[in-house]
Amino acid sequence: MIRRNPWLYYGRKALAFLLSVLVLSAAAFYIARLAPGDPLVSYYGDRVERMRPDERARAEEKLGLNAPIHVQYVRWLRGALQGDFGISYKYKTDVLEVIGGRVGNTLILGGVGFVLIFGLSLGLGLFCAWNEGRWADRIVCRLGTVTSCIPEFWLSLVLILIFAVNLRWLPSGGAYSVGGTGGVGDRALHLILPMTVTVLGHLWYYAYMIRNKLLEEARAEYVLLAKAKGLSRRRVLFKHCLRNVMPAYLSIMAISVPHILGGTYIVETVFSYPGIGTLSYESARYQDYNLLMVLCILSGVVVILFNMIAQIINERIDPRMRDAEIVETTEVTGVGE
Amino acid sequence: MESKFVRVGIRPVPAPRLRRARWYEGKPIASMFILGAILLGCLLCGLFLPKDPAYMDLFNVCVPPSGEFWFGTDTMGRDIFSMIWHGGRVSLCIGFLATLISTVIAVTFGALSGMAPRWLDDLLMRAAEIWLSIPGLLLAALIQAILGRASVVSISVVIGVTGWASIAKVVRAEVRRLRGSEYVVAARCMGAGFFRVLWKHLAPNFFSSIMFMVVMNVRGAIVSESTLSFMGLGLPLEIVSWGSMLSLSEKALSSGAWWIILIPGAFLVATLLCVTSIGNYLRTGGSREESNL
Chain S
0 MIRRNPWLYY GRKALAFLLS VLVLSAAAFY IARLAPGDPL VSYYGDRVER
50 MRPDERARAE EKLGLNAPIH VQYVRWLRGA LQGDFGISYK YKTDVLEVIG
100 GRVGNTLILG GVGFVLIFGL SLGLGLFCAW NEGRWADRIV CRLGTVTSCI
150 PEFWLSLVLI LIFAVNLRWL PSGGAYSVGG TGGVGDRALH LILPMTVTVL
200 GHLWYYAYMI RNKLLEEARA EYVLLAKAKG LSRRRVLFKH CLRNVMPAYL
250 SIMAISVPHI LGGTYIVETV FSYPGIGTLS YESARYQDYN LLMVLCILSG
300 VVVILFNMIA QIINERIDPR MRDAEIVETT EVTGVGE
Chain P
0 MESKFVRVGI RPVPAPRLRR ARWYEGKPIA SMFILGAILL GCLLCGLFLP
50 KDPAYMDLFN VCVPPSGEFW FGTDTMGRDI FSMIWHGGRV SLCIGFLATL
100 ISTVIAVTFG ALSGMAPRWL DDLLMRAAEI WLSIPGLLLA ALIQAILGRA
150 SVVSISVVIG VTGWASIAKV VRAEVRRLRG SEYVVAARCM GAGFFRVLWK
200 HLAPNFFSSI MFMVVMNVRG AIVSESTLSF MGLGLPLEIV SWGSMLSLSE
250 KALSSGAWWI ILIPGAFLVA TLLCVTSIGN YLRTGGSREE SNL
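Listed in order, the protein sequences are those of chains S and P. In terms of numbering that gives the first Met the number 0, the first sequence is residues 0 to 336. In terms of numbering that gives the first Met the number 0, the second sequence is residues 0 to 292.
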């Protein structure tokens, strides 16, 4: 299909994508409105409790909360299509502005974290496969199992306790010093601990997977042939085995993007790092509907988009994978989430 | 008669001594022992604990570990030693309950998908994949927020409902493999219903292959509960669990009270490690052929 008519192929993908986003937005809208809690509180603060009924009705009308849900949704959708996502009740400014101020921080944490996880897990997996069964492999496997058992939030707490509270080497939270200029060095210093947690929390899951996949490849017939031809052990592992493992690894890494971002949400909250994670957490707690909607859709778009990318990688690079299951991580790695 | 042939160059190889493996070899004894001790302590904590875990002793707030308070007290003056065991009860209970819920959903869903015609199978599996690609913790937090105030049962249901998809995929693959076999066909010919075939014929055959994932699910559920409670989205402070004990850690950090953070966390991590190594033991068939590399 992809070779015969790429336009049709990608057009279909785009259509499916748009449809999913539409369904997602409707679902998120209804769920947010059905959840308990009072959105007026986030706009007016404690004043809400002292409001008279007529004041309350006027406030609801002002924010458009008195219409039936489907009318509200259509109104929201009409605005959204013109790029107007409403105002955040808590920050009293345009939603996109609030998010725009934070999204960079999350992208730095998540993006650099993703690259580190990708590179390190590849290296670690190769190292373990190279030393299969020897003490180096065994020690790394043991350590990896231990790190994969430590919940991210607790690791963050312990690191803060050691490096920020006791040793006072690193700051305990935030993205830059209060009142500081926010220079590169300052930001990097604030990134060390959250980045460590993000990377350690995911690293072994992927490293172990690539190790096991490589070991599976090492038992294939073609390895025997390559060795009989006189190729060196390194060449066989790095050129032949790795190349066969790569498509599966790439697609799993594409699927992992939402999970790594989801992990940064926890880390951000613990380190009070001003990113999308802390923002979602706040907006869910204070019923900041407009903000919550956009954040939900944003997360959903990331999930759907990277699933599609994984599918395309599978179908383009490795024809053998066309009918295969994409998400097989838990079975292969045995680490699970 | 003496042989004319003299054997040259073959060194006699002694036959490998066959020794029966002892019962404990290859089994995660240490993990089983530690997990057993924690389980027993949590179950019997009412018998040996001197203090009430909910009692707030306001004269002894944030006391470091000492003779009277073995693990110290937290920022609300509660005795951490008693809280550990009572909290373990709640945490482990949620772990098992959530896993039970996920497994039931996963087996039903997976078997349904495995036995279904092609189009329904595709539809169900696509749904499971979408479910799997959403970070589970975010989903659990969202559902819990909608349900409102959390209790032990409600949080188990939330975690159970979010964590079934990966098991369902394995069940479906196994059912697909098994459904053509003679005994299943025979049972269906005799008029056995869906659930009877599932229970009597399919489940015993695929149970061993999902056992590992079920054990890992216990681990995942305990982690989810503690993370949610820690962030203030799960159990409230009054319901003591390992996660809700850690939710006090922000105050503990500012006062440098390490015992409030390290002790419950150490119990949590120890439990997770034991569960993992038992799970790994259940998974490996062990025998792997020789590497060609």
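Mixed in with the good hints there might be a few duds.
Stated by the list, open to error - One-sided and incomplete, this derived list gives chain S residues near chain P with beta-carbon spacing under 7 Å: (1) Thr-146; (2) Pro-150; (3) Val-222; (4) Gly-261; (5) Ala-283.
What the hints assert, rightly or not - Output of the computed footprint for chain P on chain S, the stretches with three or more beta carbons under 8 Å from beta carbons of chain P: (6) 70-82; (7) 110-117; (8) 183-192; (9) 245-259.
Think of the hints as simulated: they come from the structure by calculation, not from any bench. A virtual CB, placed ideally from N, CA and C, is assigned to each residue, including glycine.
Comparing the hints with the structure gives:
1. For Thr-146/S, the shortest C-beta to C-beta distance to chain P is roughly 10 Å, which exceeds 7 Å, and the interface hint is violated.
2. The criterion of a C-beta within 7 Å of any C-beta in chain P is met by Pro-150/S, whose closest approach is roughly 5 Å, and the hint holds.
3. Hint status for Val-222/S relative to chain P: holds, with the closest Cβ pair at about 4 Å, below 7 Å.
4. Annotation: Gly-261/S was flagged as interfacial toward chain P, and the flag holds, the nearest CB pair being 3 Å apart, inside 7 Å.
5. Annotation: interface hint on Ala-283/S holds; nearest CB of chain P at approximately 6 Å, less than 7 Å.
6. Evaluation of the coverage hint for the stretch 70-82 of chain S: breached, as 0 residues show C-beta separations to chain P shorter than 8 Å, against a requirement of three.
7. Counting residues of the stretch 110-117 of chain S whose beta-carbon sits less than 8 Å from any beta-carbon of chain P gives 0, not enough to reach three: the coverage restraint is violated.
8. For a cut-off of 8 Å, the count of residues in the stretch 183-192 of chain S with a CB near a CB of chain P stands at 0, and the three-residue condition is violated.
9. By the rule of at least three residues with a Cβ nearer than 8 Å to a Cβ of chain P, the coverage given for the stretch 245-259 of chain S holds, with 3 such residues.
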